[in-house]
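S.K.: Construct the entire structure; sequences and hints are all you get.
Following the numbering used here, the residues of the sequence shown are numbered contiguously, the last one being 394.
Hints in this document: simulated from the structure, not taken from any laboratory.
From the three backbone atoms N, C-alpha and C, an ideal C-beta is built for every residue, glycine too.
Be a bit skeptical, because a hint or two may be false.
Stated by the list, open to error - Label-pair distances were calculated between CB atoms; the ranges are:
hint, residue 1, residue 2, range
1, Asn104, Ile325, 40 to 46 Å
2, Met150, Asp73, 29 to 35 Å
3, Lys316, Lys364, 42 to 48 Å
4, Ala102, Asp272, 36 to 42 Å
5, Arg148, Leu337, 33 to 39 Å
To be verified - Below are the BS3-like pairs computed for lysine-lysine, each with C-alpha atoms no more than 25 Å apart in a straight line:
hint, residue 1, residue 2
6, Lys390, Lys286
7, Lys390, Lys316
8, Lys191, Lys147
9, Lys161, Lys188
10, Lys378, Lys364
11, Lys188, Lys390
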Amino acid sequence: MADKFTVGVLTSGGDAPGMNAAIRAVVRTALANNMNVIGVMHGYEGLVNGEFRPLGARDVGGILQRGGTVLLTSRSKRFMEPAGQRDAIRKMNEAGMDALIVIGGEGSMNGAYALSQKGVKVIGIPGSIDNDIWGTNIAIGTDTAMNTIMDAVDKLRDTASSHQRAFLIETMGRNSGYLAVMAGIICGAEITLIPEHPITVDEVAVAVEDAYQRGKTHAIIINAEGSGIRTTELAQRIDEMDVGFKTRMTILGHIQRGGSPTAYDRLLASRMGVKAVEALVEGTHGMMTGLKGKGVDFIPLADVISNKRKVNMEYYHMVKVLSR
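M.R.: Okay, here's the thing in structure tokens:
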């Protein structure tokens, strides 16, 4: 009698709400297809170290609604080296792992592709609050992060309007302005700064002054962390120019990563987790699950890592129009 097919699952890089929902879907779908499941702790670092644990249906009970990742995560420098990848593959073989499902962002997909090039059967699942992964309309965790930002900005607007202040709010997005642009639209920001469209500190200050001259009683400025302008520098410059508003600054930071996933992220993660296992059942690998239109499709990992997702500049221009 042949041994059961064994699939490993790991989460890598920055955590994103909905990762646990994806883990749950992978485990239970694999079990339904008569597979064994091995959880890899601490992402690729755990793969190199052989930090494995068997996962059953009860091990993933009660995690659907939880943020973070029960498998824990890390950023592994060792795995980036060929020697680390060889060690990881050796540990997988010793554990009898036939395939691997990787849940994570852009860097995680690069790691998945590297393994696939060395003969490992890999399926990627995009999980990133930044939504910076090419090949999918949206990644797991992005919707929850946007809702977290919206809730925070709505609260800050209440106090900004009460004191007639300009609030500078920094969002995550080191290389992508997706969160900032979407926040600009859904939160009604007066100004949005993103890496893809750099502007100067003085241009921002002039725009704030213009908003004041047009009769606005407060201003919300969304600044993606990778915009090229430090939020502290921007706040200081606006105060120096005396544009009409006193400024206050809020850096949202890691609160954007946490929290219970939204209904949308729970559903998306579940769909992608199921689809990832079904791909392995059908003999498909070297792919990433991606939302295309209303369906979950497969995108070659080679294409995912060789393309860069760009912010839809129509949304950026929409922010500018609606801020008037």
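S.K.: What hints, given by number in increasing order, does this structure fail?
M.R.: Per hint list: 4 and 11 violated.
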